[in-house]
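A.B. asks: Single-letter residue listing:
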Amino acid sequence: MTEPSDRVGEVIEASTTEFVAECYELYGLPPLGSLVSVGDAADKTFGIVYHATTASVEPGRRPIARGKDEVSEEGIYKSSPQLEKLLRSEFSALVVGHGNSEAIHQFLPPKPARIHGFVYLCPSEQVKTFSRSFDFLNLLITTSLPVSVEELVAATLRQMGQAHEDKQAFLKAAGRELATLLSSDYSRLRAILGRIAPE
Amino acid sequence: MALDLSKIVSQVGAMVARLRADSRQRQERLEHALEMLGSQADIGRLRDKINASRTTWLVAGLVGGLDEHYPSPPVTSDFTIIASDGSHIDVDRHRSTRCYLINIGSVTLHYGNNPEAVLYSLPSLYAGDEDLVIAAPEQRGREQPVEGALLGIKRSVDECRHLVELAAALPADSPTLALLDGSLILWNLEAYAEFVAEELLDKGLLKCFEELRKLSRERKLALASYISYPRSTDVVNALRVAVCPEETVDSDRCSACDTRECDAIAGVRDRELFAGLLEPGERSELFISSSKIQQRYGAHQVHFFYLRVDDEIARVEIPKWVADDNGLLSLTHALVLDQCQRGHGYPVALSEAHEKAVVTGADAENFWRLVESSLVEEHLPFTGSAKNRSKRTRWV
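Heads up: the protein sequence lines correspond to chains A and B, in order.
Taken in order, the first sequence gives residues 1 to 199; the numbers are from the numbering used here.
Taken in order, the second sequence gives residues 200 to 595; the numbers are from the numbering used here.
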């Protein structure tokens with residue numbers, strides 16, 4: 001079950017393959033590679049956060065340096081409280097599946113997410129259920145994104161690993177799946193595995 | 200190409216050359232004015248002479264002296280700034296629908312231990328007969344259309360009305376400055392009939408001022424307006440009165456004057472004068488505006504002072520009840536300066552209120568498109584003037 005406290009933002013742009021959400025709180029971004037969902041229990045779309053930005057609400061107004069006479073970064077926000085309203089954090093999520101309470105499919109949904117749909121950070125239980133299958137990895141490694149796919153796959157597996165009691169077993173199973181998918185591309189496989197190596 | 204810049208270049212050159220030739224004379228006049236500002240020994244006599252004078256130009260009334268200046272008082276740790284600004288889409292006689300839109304931007308900024316900001320805009324559409332004209336209450340058929348300059352005045356009243364709402368909604372424990380952009384004096388109402396001034400000033404702006412004054416009895420609340428780079432010459436005109444050899448200054452007799460002593464300071468603006476007097480953060484002495492419309496202001500008679508903000512001299516206008524209360528006057532001085540310092544030379548609250556209020560040319564076009572498409576949906580006629588169509592569909 002997603003709790004209201006897991007709600008991180010709202011969809012402001014959506015397509016078949018991805019959606020962009022605005023955060024309710026400035027800097028309230030879900031981590032890179034985390035699993036998020038949008039929609040109700042009967043028709044949920046799952047996405048993996050692949051990119052995030054924090055910038056001015058208005059494209060024509062760039063933030064300016066303000067901290068020359070401030071002791072701390074927090075002091076800047078305290079002496080200019082309007083900043084919280086003039087800046088916003090957004091993140092983009094790659095669609096990796098959809099489903100309902102009965103089944104989760106790790107392929108593209110028939111329709112894009114709805115604008116203003118609430119976006120939730122998936123709780124551990126849901127992440128565990130989702131990551132029982134590694135079919136989503138295929139969607140990730142075949143996509144073309146502004147960030148390196150190797151970075152994204154590794155970040156996703158690190159995030160998901162935290163939801164599993166036996167993190168090492170999960171990462172080993174994911175590694176085996178990747179070895180199959182990238183059997184002809186050893187350098188990419190090594191780049192990913194190097195980023196999810198046990199700490 | 201609509202404007203051929205190549206044909207303007209030589210005219211710009213001539214303008215700059217003229218300015219350069221005048222600059223030495225201006226400097227001499229300014230130095231003379233500064234000398235005069237500091238050498239008025241008998242302020243009481245000057246005050247009487249100003250009060251007795253009859254001039255077409257505005258002469259600052261004196262509260263204290265002329266050249267006193269005051270450093271900025273300390274800023275309290277917790278305080279609130281409220282501000283509102285407006286923008287409008289005027290009635291367009293080339294459109295099929297007679298209406299106008301006023302967009303008010305409002306800002307509440309809390310500083311201190313619990314900093315917070317509330318920024319919002321509130322657009323209102325006016326299309327009713329009672330909105331489109333101001334009717335004389337006792338003269339049937341006599342009315343004044345609300346458009347152009349008068350719509351600008353109505354907007355100023357709306358801005359102040361929003362400020363009252365913001366002030367009334369605040370907790371009483373935080374010292375608050377209510378800020379408006381521009382002048383508190385609706386001097387351009389002088390061009391309109393009495394019933395228009397009654398509606399917009401007596402029942403409009405001054406009513407709002409009165410509500411703010413009532414609120415200020417329960418909490419520390421000051422009202423001020425901020426004029427950046429002012430063009431006013433009220434204080435310089437007071438010096439003109441001082442230098443005039445006539446016992447009673449009457450500008451009707453100026454044309455017959457041969458000696459023209461006041462020419463020695465002609466063309467100097469108050470901002471130039473106070474740039475030579477005030478140190479950063481300092482304010483000038485208080486002065487009283489002598490605008491004719493002020494006769495209606497009563498307890499809200501507008502006083503003003505000049506304030507040195509970095510490189511600029513700004514004019515800050517306050518009603519009499521703020522000017523008479525040392526606590527509110529100090530609060531205004533300290534907080535306007537603080538706002539300017541936070542806003543790199545211009546009050547943050549006013550610049551954010553402006554950002555919320557601004558209606559661009561593209562916004563106005565979208566608004567008219569919305570109006571026209573709504574008329575089409577209801578099968579109502581929407582054809583505007585041929586001139587308007589010609590502007591929108593350009594051809595060769």
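Treat the hints loosely; a few may be bogus.
Cβ pair distances, simulated, as ranges [unchecked claim]:
hint : chain 1 : residue 1 : chain 2 : residue 2 : range
1    : B       : Asp-562   : A       : Lys-128   : 55 to 61 Å
2    : B       : Glu-460   : A       : Ile-76    : 15 to 21 Å
3    : B       : Arg-568   : A       : Val-71    : 36 to 42 Å
Part of the chain A face toward chain B, derived, beta carbon under 10 Å [stated by the list, open to error]:
hint : residue
4    : Leu-32
5    : Arg-61
6    : Pro-63
7    : Lys-78
8    : Gln-162
Read the hints as simulated data drawn from the structure, not as lab findings.
Where is the CB? At the ideal position from N, CA and C, for every residue including glycine.
A.B. asks: If a hint holds in the structure, say so; if it doesn't, say that too.
C.D. replies: Going through the hints against the structure:
1. Checking the proposed 55 to 61 Å range against B:Asp-562 and A:Lys-128 shows it is violated: the Cβ atoms sit about 49 Å from each other.
2. One distance hint, 15 to 21 Å for the beta-carbon pair B:Glu-460 and A:Ile-76, is violated here, with the actual separation near 54 Å.
3. Under the hint 36 to 42 Å, the C-beta atoms of B:Arg-568 and A:Val-71, about 51 Å apart, miss the expected range.
4. Taken as an interface hint, A:Leu-32 does not check out: its beta carbon lies about 29 Å from the nearest beta carbon of chain B, beyond 10 Å.
5. Evaluation of the A:Arg-61 hint against chain B yields a held restraint, the C-beta minimum of about 8 Å falling below 10 Å.
6. Taking 10 Å as the C-beta cut-off, the interface hint given for A:Pro-63 is violated, the closest approach to chain B being about 13 Å.
7. At about 5 Å, the closest approach between the beta carbon of A:Lys-78 and any beta carbon in chain B falls short of 10 Å, and the interface hint on this residue holds.
8. The interface hint given for A:Gln-162 is broken, as the beta carbon of that residue sits about 34 Å from the closest beta carbon of chain B, more than 10 Å.
Consistency note: the structure conflicts with the earlier hints numbered 1, 2, 3, 4, 6 and 8.
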